[in-house]
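Novice: Spelled out, the chains give:
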Amino acid sequence: SQQGEEDPQALSIQEGENATMNCSYKTSINNLQWYRQNSGRGLVHLILIRSNEREKHSGRLRVTLDTSKKSSSLLITASRAADTASYFCATEGGSYIPTFGRGTSLIVHP
Amino acid sequence: DAGVIQSPRHEVTEMGQEVTLRCKPISGHDYLFWYRQTMMRGLELLIYFNNNVPIDDSGMPEDRFSAKMPNASFSTLKIQPSEPRDSAVYFCASSDSDGYTFGSGTRLTVV
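Sequence lines, in order, name chains W and Y. For the first sequence, position 45 matches number 342 in this note's numbering, and the numbering has no gaps at all. For the second sequence, position 23 matches number 78 in this note's numbering, and the numbering has no gaps at all.
These are computed hints drawn from the structure, not numbers from a lab. All of these numbers come straight from a predicted model, not from anything done at the bench. Positions of the beta carbon are idealized from the N, C-alpha and C atoms, including for glycine. Incorrect hints may appear among the rest.
What the hints assert, rightly or not - Among the chain W residues that face chain Y by a calculated CB cut under 8 Å, a handful are:
| no. | residue |
| --- | --- |
| 1 | Leu343 |
| 2 | Arg399 |
| 3 | Gly400 |
| 4 | Ser402 |
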C-alpha cells in the first residue's frame, strides 16, 4: 500500500519547542502532502512536496522528502499552543489521489 | 468562496434508517471525494468523482452505501439501511490543479 504512516502517533511538547513528525510510505509517489486537523474540524492543507523536490518551507513549517528512504518529515519551529492538532501525511501515486495515514496527535503546552 | 459545504454537521439516526449526507464542492473544482474517518481505520477514501462521473468506488464498504453527483455543485452519500458500525465522521473534499479543500464533515451516529 502507498498509504503513509506517521510517527510518532502522539507528541507532547512545550510552547517554543520544535515539533518533528515523520511519514513513511511503501511505494513510489508523485506527491506528498501534509494536512492539519483541529479537533472536530475538517482537514486543512498545509504543504505539498513533489517527488523531485527535497525540501519546502512555508512560514514556520519545513517539509523534507527523501524518496530513497520513502520518508518525509514535517518540522514546526517555535511551536505555539494553537499548533495543537492532528497532522496527517497523504501520498499520491499514479492516480494522484491522496491516501492518508493515521496521523500524529500534537499537543503544545502553553 | 465559502469552501466545501457539508450538511448536516451532525446526524443521529436509528439503526435501519436511511441516511443522506450532502456536499457542495467549491465551484470550478473538477474532483470530488468522499472520505470516512474513524479511530480504528483512520481516513478512508470511499469514492471519488471527476467531472461528476464516479471514477473509483472501490472504497465503498458495502452495497448499503451509494453516492451520486447529479451536477457539478452537489453530491450525496447515502447509507440504506444504516448500522451502528457506520458511525463515523464523513468528509467531502473537492480539488482542482491547485489542491484539495475539505469540508467540516458530518458526524454520523447510528444507535
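Novice: When the nearest CB of chain Y is found for W/Arg399, is that gap smaller than 8 Å?
Specialist: holds, 4 Å
Novice: Holds or violated: is there a CB of chain Y closer than 8 Å to the CB of W/Leu343?
Specialist: violated, 10 Å
Novice: Holds or violated: is the Cβ of W/Ser402 closer than 8 Å to a Cβ in chain Y?
Specialist: Given a least distance of 11 Å, the restraint on W/Ser402 is violated.
Novice: Was the hint right that W/Gly400 lines chain Y, CB cutoff 8 Å?
Specialist: Holds: closest Cβ of chain Y sits about 7 Å from W/Gly400, inside 8 Å.
Taken one by one, the earlier hints fail for this structure at numbers 1 and 4, listed in ascending order.
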